[in-house]
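Enquirer: Sequence:
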Amino acid sequence: KPIPDETTILNFRHLLEKHGLGKVLLKEVNKHLENKGLLLREGTIVDATIISAPSSTKNKEGKRDPEMHQTKKGNEWHFGMKMHIGVDDALGVIHSMSTTAANEHDVTQAQHLLHGDESRFWGDAGYQGIHKRPEFEGYDLAWNIAARPGQRRKLGELFDLLERHKAQVRAKVEHPFLRIKQQFGYSKVRYKGLGKNTNRLYLLAAFTNLLTCKKYLMA
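So that you can map any letter, position 82 of the sequence shown is 147 in my numbering, and since no number is skipped, the others follow by simple counting.
None of these hints come from the bench; they were simulated from the model. Among these hints, one or two may not hold up.
To be verified - Computed list of lysine-lysine pairs in DSSO-like fashion (alpha-carbon distance at most 30 Å, straight line):
1. Lys237 - Lys101
2. Lys237 - Lys66
3. Lys253 - Lys279
4. Lys128 - Lys246
Stated by the list, open to error - Per label pair, the in silico range of CB-to-CB distance:
5. Arg78 - Asp225: 44 to 50 Å
6. Lys66 - Lys96: 18 to 24 Å
7. Ala207 - Lys257: 38 to 44 Å
8. Gln135 - Gln247: 22 to 28 Å
9. Ser117 - Leu227: 33 to 39 Å
10. Gln247 - Gly191: 21 to 27 Å
11. Ala232 - Pro69: 41 to 47 Å
Keep in mind it's a predicted model, so treat the numbers as computed, not measured. Even for Gly, the Cβ is constructed at its ideal location relative to N, Cα and C.
Using the sequences and the accompanying hints, generate a full structural model.
Expert: Structure below.
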């Protein structure tokens with residue numbers, strides 16, 4: 066069959082955006098994976114990544130996108146949006162996602178990344194003190210948060226082994242980001258505003274989950 070022309074593809078994309086079908090597709094894919102026993106719910110790893118947007122000097126209008134913001138990571142400034150995800154701590158399947166401007170602190174989105182059935186929470190040092198936040202009052206979770214580098218150096222070998230174990234578990238949340246940014250080429254936003262980019266990221270999250278579980282689905 067011939068490949069659909071550009072107008073047909075554009076209309077299909079607009080249909081997906083108008084009805085928020087990216088989120089629906091992720092939900093349906095995850096339902097299928099859960100039925101296959103591939104989406105476990107005992108533990109969640111959370112993290113965020115920056116998706117870059119063009120600055121005012123690099124776009125046609127000469128103005129910055131008002132829904133994108135700048136933030137400092139390490140010694141570098143970045144401008145764009147953030148993709149926040151929650152993945153299961155067994156296979157690293159994305160079960161929850163949200164997006165914000167890049168200057169939003171990761172910890173503010175954590176509650177939106179839990180499904181409510183987990184007993185374990187994993188996060189990097191940016192989530193320190195999360196259990197004290199009012200929105201997590203009454204949550205009975207094992208909070209596995211990375212120690213800050215300064216803390217880690219002061220404590221002994223046993224503590225260091227524990228931190229290494231935490232890091233090994235948390236590494237699973239990096240794999241979806243690598244697929245989305247490198248395999249699907251979404252290290253930079255494709256559209257203006259959060260809405261269209263969010264819908265695309267939901268679609269890519271669904272495709273990423275299928276690739277993550279491919280060998281089990283094909284068995």
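Enquirer: Are the hints correct? Go through all of them and say.
Expert: Hint-by-hint comparison with the structure:
Restraint check: the Cα-Cα separation between Lys237 and Lys101 comes to about 20 Å, which is no more than 30 Å; the hinted pair holds. For the hint linking Lys237 to Lys66, the alpha-carbon distance of about 39 Å lies beyond 30 Å, and the restraint is violated. Between the alpha carbons of Lys253 and Lys279 the distance comes to roughly 26 Å, so the proposed pair stays at or under 30 Å and holds. At roughly 25 Å between alpha-carbon atoms, Lys128 and Lys246 fall within 30 Å of each other, so this suggested pair holds.
In this structure the supplied range 44 to 50 Å holds for Arg78 paired with Asp225, their Cβ-Cβ distance being about 49 Å. For the pair Lys66 and Lys96, the supplied restraint of 18 to 24 Å is violated, since their beta-carbon distance comes to about 29 Å. For the hinted restraint 38 to 44 Å between Ala207 and Lys257, the CB-CB distance of approximately 41 Å keeps it satisfied. The supplied range of 22 to 28 Å is met by Gln135 and Gln247, whose beta-carbon atoms lie about 23 Å from each other.
Taking the beta carbon of each, Ser117 and Leu227 are about 34 Å apart, inside 33 to 39 Å as hinted. Judged by the Cβ atoms, the range 21 to 27 Å given for Gln247 and Gly191 holds: they are separated by roughly 23 Å. Ala232 and Pro69 have their C-beta atoms about 45 Å apart, which keeps the hinted 41 to 47 Å range intact.
In summary, the numbered hints that this structure violates are 2 and 6.
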